[in-house]
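2 protein chains.
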Amino acid sequence: MTEIEKWKILQSQFIVDNRWCRVRKDCVQLPDGEVVDDYFIHVRPDIALVLPITGDRNIVFVRQYRHGVGQILLELPAGSFDPQRENSVEAAKRELEEETGYYAEHLHKLATLYDNPVKDTNAIHLFLAEGVIYSGKRKFDITEDIEIVLIPLEEVAERIKNREICVAGTLSALFLGLNYLNTSQLQSTPYPSHKGRE
Amino acid sequence: MTEIEKWKILQSQFIVDNRWCRVRKDCVQLPDGEVVDDYFIHVRPDIALVLPITGDRNIVFVRQYRHGVGQILLELPAGSFDPQRENSVEAAKRELEEETGYYAEHLHKLATLYDNPVKDTNAIHLFLAEGVIYSGKRKFDITEDIEIVLIPLEEVAERIKNREICVAGTLSALFLGLNYLNTSQLQSTPYPSHKGRE
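Chains as they are written, first to last, in the working numbering: chain A, 200 to 397; chain B, 200 to 397.
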């Protein structure tokens, strides 16, 4: 079996470079020596995503219009951040409160994933937040119009089965988070508030 | 609660439009009347992804270099296709055999997901393929250099926990596929990775 090798970047330039869209065109040399002079990469900010669970066992979802696919979708709260300027935990707490008005005291990191590692540079940081509390401090960006949807923990499997939840990052966070809760010490006890967790 | 509405596209033009990269710049009107004249969308082909399981209960993974994030990653076999020209089932079978040399007679559709519905147009079609057979008919694109990695079904949960599997689409397919098998006729056979899940 061939040892997999990384590619060499021979040259790199931005062909689109503005606040909302950055496209890089790389000239790369493959391990077999072949040169590809137009490999396009989308340079994107990282994403912080939270699976927020209230003290009374509801998951806080958001429903909003997504222009890429032209549909209104049910997702977990998430937002982009620049890892050079903000850490993922702070970004996750901030995005959660801005989008939903729910505050998380403690976050448990579930995973760092990639959505599209072939074409995009960004990672997506997934967190579980137990015992989130409503602060009401929502703050939207100009393009945001967000409905909060509370779904009981026990109903989520059914919602996934019915294909109401169809974004890979949200689905991954749900599975990882529910698995984590399932295998943690909380499994057999009634769901505690966030205080009981730390 | 405000009813969530779709945006109106007032104008749309491609600012990058070649075989490997298509970026659209939309001028959109938001539900509150506000006009945003530079909303960028990445127009991408759909992806077909397969969770292939051999007769002896191994999952067929691929390990390859991913230039977007500059890393060598473990993923399920997948590839892009144009839904106008090929259906997702045929694309999934083709990509599976080209990348791994494994042939699937029957595919079970697990879900149609989105990786990034905010910025990207494409869907990702997830399939389960049980009892895949090695045909050896691999066929790589110029940029592909792929190692096949067989992982026993029973070890996958551990690999996920160890964060060896970190791509959202792959993770979603594994969870959906293993859940499906868990609730299907295989439930009563040994299947330790998701014992006690439901």
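Treat each hint with caution, since some may be false.
For chains that are exact copies, the list does not tell them apart, and a pair is met inside one copy or across any two.
Pairs of lysine-lysine residues, derived as PhoX-like cross-links and limited to a Cα-Cα distance of at most 25 angstroms, are as follows [unchecked claim]: (1) Lys308 with Lys336; (2) Lys338 with Lys207; (3) Lys224 with Lys207; (4) Lys207 with Lys308.
Hint data in this document are derived by calculation from the structure and do not stem from the laboratory.
Going down the list of hints, with the structure as the test:
For the identical chains of this complex, Lys308 and Lys336 are intra-copy neighbours only, at 23 angstroms inside a copy versus 41 angstroms across copies, given an alpha-carbon limit of 25 angstroms. In the homo-oligomer, the alpha carbons of Lys338 and Lys207 lie at most 25 angstroms apart only across protomers (23 angstroms), although the nearest pairing inside one protomer, at 43 angstroms, exceeds that limit. For the homomeric pair Lys224 and Lys207, the shortest alpha-carbon distance inside one copy (13 angstroms) is at most 25 angstroms, but the shortest distance between copies (31 angstroms) is not. Taking the closest pair of Cα atoms, Lys207 and Lys308 never come within 25 angstroms of each other, the shortest separation being 33 angstroms inside a single copy and 37 angstroms across copies.
Against the hints set out earlier in the document, a violation occurs for number 4 only.
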